[in-house]
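Asker: Take a look at the letters that make up each chain.
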Amino acid sequence: MTDQDLQTLPLDALHRELGGKMVSFAGYSMPVQYPMGVKGEHLHVREKAGLFDVSHMGQAYLSVEQGEHEQVARLIEELVSAEIVKLGKGRIRYTVLLNEEGGILDDLMVTRLPDQDGKLFLVVNAAVKEQDFALIGETLGGRAKLDVLDRCLLALQGPLAHTVLSALDPMAAEMPFMSMRETQLDGIPVMLSRCGYTGEDGYEISVANSDAERLARRLLAHDDVAPIGLGARDSLRLEAGLCLYGHDMTPEDTPVSAGLNFAIGKRRREEGGFPGAERIIRELHEGTDTLRVGLKPLGRVPAREGAEVQSEDGETIGKVTSGGFGPTYEAPVAMGRIDTKHAEPGTKVRILVRGKPLEAEVVKLPFVEQRYYRGKK
Amino acid sequence: MATKYTESHEWVRMDGDVAVCGITPHAAEQLGDVVFVELPDTGRALSKGDDMAVVESVKAASDVYAPISGEVVAVNQDIVDAPEKVNESPDQDAWFVKIKPSDASELDGLMDEAAYKAHTDE
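The listed protein sequences correspond, in order, to chains H and E.
Residues in the first sequence are numbered from 1 upward in steps of one, following our numbering.
Residues in the second sequence are numbered from 1 upward in steps of one, following our numbering.
Please note that the accuracy of each hint is not assured.
[Said to hold, decoys possible] Pairwise CB distance ranges, derived in the manner of DEER restraints:
| no. | chain 1 | residue 1 | chain 2 | residue 2 | range |
| --- | --- | --- | --- | --- | --- |
| 1 | E | 7 | H | 217 | 38 to 48 Å |
| 2 | E | 92 | H | 287 | 30 to 40 Å |
| 3 | H | 374 | E | 47 | 53 to 63 Å |
[As the list claims (entries may be wrong)] Not close to chain H: a few residues of chain E, all C-beta gaps over 12 Å, as computed:
| no. | residue |
| --- | --- |
| 4 | 17 |
| 5 | 59 |
| 6 | 87 |
| 7 | 118 |
The set of hints was computed from the structure by calculation and includes no laboratory data.
Quick reminder that beta carbons are idealized off the backbone N, C-alpha and C, glycines included.
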């Protein structure tokens, strides 16, 4: 792909004005960092609040004419493993889009709109959004309508995100984790979802392109809010143990081998009815050959994606799928796909970095505790 | 003697009969926050352009190349212990290695400050 093929985000000029260093990502020109730098931005999100522009992600409505939730829910359930039928109004569910072999084609958020039954809001990954929407369209075409949305998606993440938003929408702070409101922020209509990809409390805000800059500037005007680039987005999600599609999970992985059993609904485990159900249900009982695990290099050397993982005996047991340095963890952090017999937390392994075996340990994820809002204590 | 620069963003400066080498402020800025530095063993013989060190930032790993040929006579343990020094003082305190040049005339082939500045402005 040449630079000419790169798409620009609606907020491109704002990113440049803020000093964003622009790089190519998933076909878009995106800010990888701002003058604060990746480490500073990372720590800012863990301490205060950071604003991310994730408008490259795919957003769509899936709806049925009759306006019945159960009908549209049963349709999307043909492609994903989550329980959607029993999803409450204004509730969000994380799930995976599957191929016939039970391999993961993408991970996505499915939201039942609070006020319009028979309509779901989908948010999918940028790199695969065309193929996701093509698959959904082909499979469900004629029975449901897919409207791909040309809207911006901003994320405000961090322990102070709720105080920043409460000034614009008093109800924002009370929203449970994984819920959505259709509301207004400073008079701007938005879909406000309490979720994110940092391990911190926070929100994702779907907003019309024409309103996005005004909203972004309004949020950035707050003393506690700084703009955050893709670099810190990656280190934050890695510390939080969250998968990056195309790296930590691919079509070679099932939700079971990817450690995403929570993305398979209880009823779905009994009834099946999703692609690859037979294999996935069998794997839930019998296990898988490989598993996604946390890997903690025991020294200071970061292990990057692609590095070979070996057992203590020097046998190849897998690969690092994401790795780097965790600014909050203050040490290298990694995830990998390794043979299940070595996947027990506490197992000592080696990671080959520049030809040298480094001592590492299989650890439970996350590296940094997730701090989602679970309601008043 | 004036500082000389490579196209791969190392600097080298003669101090008596040893060449002090490091990475340029431009390189340090491009790398971002440095979190790990790996240096060669003293006594190692380097040819110009050899992988000499590795710098890991929050973003990625980058090789550092020998700006001239010679023997490593000292390494800067300070930047191994406190990698952030590479961002704080890349052209002074955070030198990487000292090399005893085997052919000091190699320095003549490197860029001076004005040429390096033109190189990074490209």
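Asker: If a hint holds in the structure, say so; if it doesn't, say that too.
Answerer: Structure-based check of all given hints:
Residue 7 of chain E and residue 217 of chain H have their C-beta atoms about 41 Å apart, which keeps the hinted 38 to 48 Å range intact. At roughly 56 Å, the beta-carbon separation of residue 92 of chain E and residue 287 of chain H lies outside the given 30 to 40 Å, and the hint is violated. At roughly 60 Å, the beta-carbon separation of residue 374 of chain H and residue 47 of chain E lies within the given 53 to 63 Å, and the hint holds. For residue 17 of chain E, the non-interface assignment is confirmed: its Cβ lies about 31 Å from the closest Cβ of chain H, beyond the 12 Å cut-off.
Taking the minimum C-beta to C-beta distance to chain H, about 6 Å, the non-interface status of residue 59 of chain E is violated against the 12 Å cut. At roughly 9 Å, the least C-beta separation between residue 87 of chain E and chain H is not larger than 12 Å, which violates its mark as non-interface. With a minimum CB-CB distance of about 22 Å to chain H, residue 118 of chain E clears the 12 Å threshold, and the non-interface call stands.
The earlier numbered hints that this structure contradicts are 2, 5, 6.
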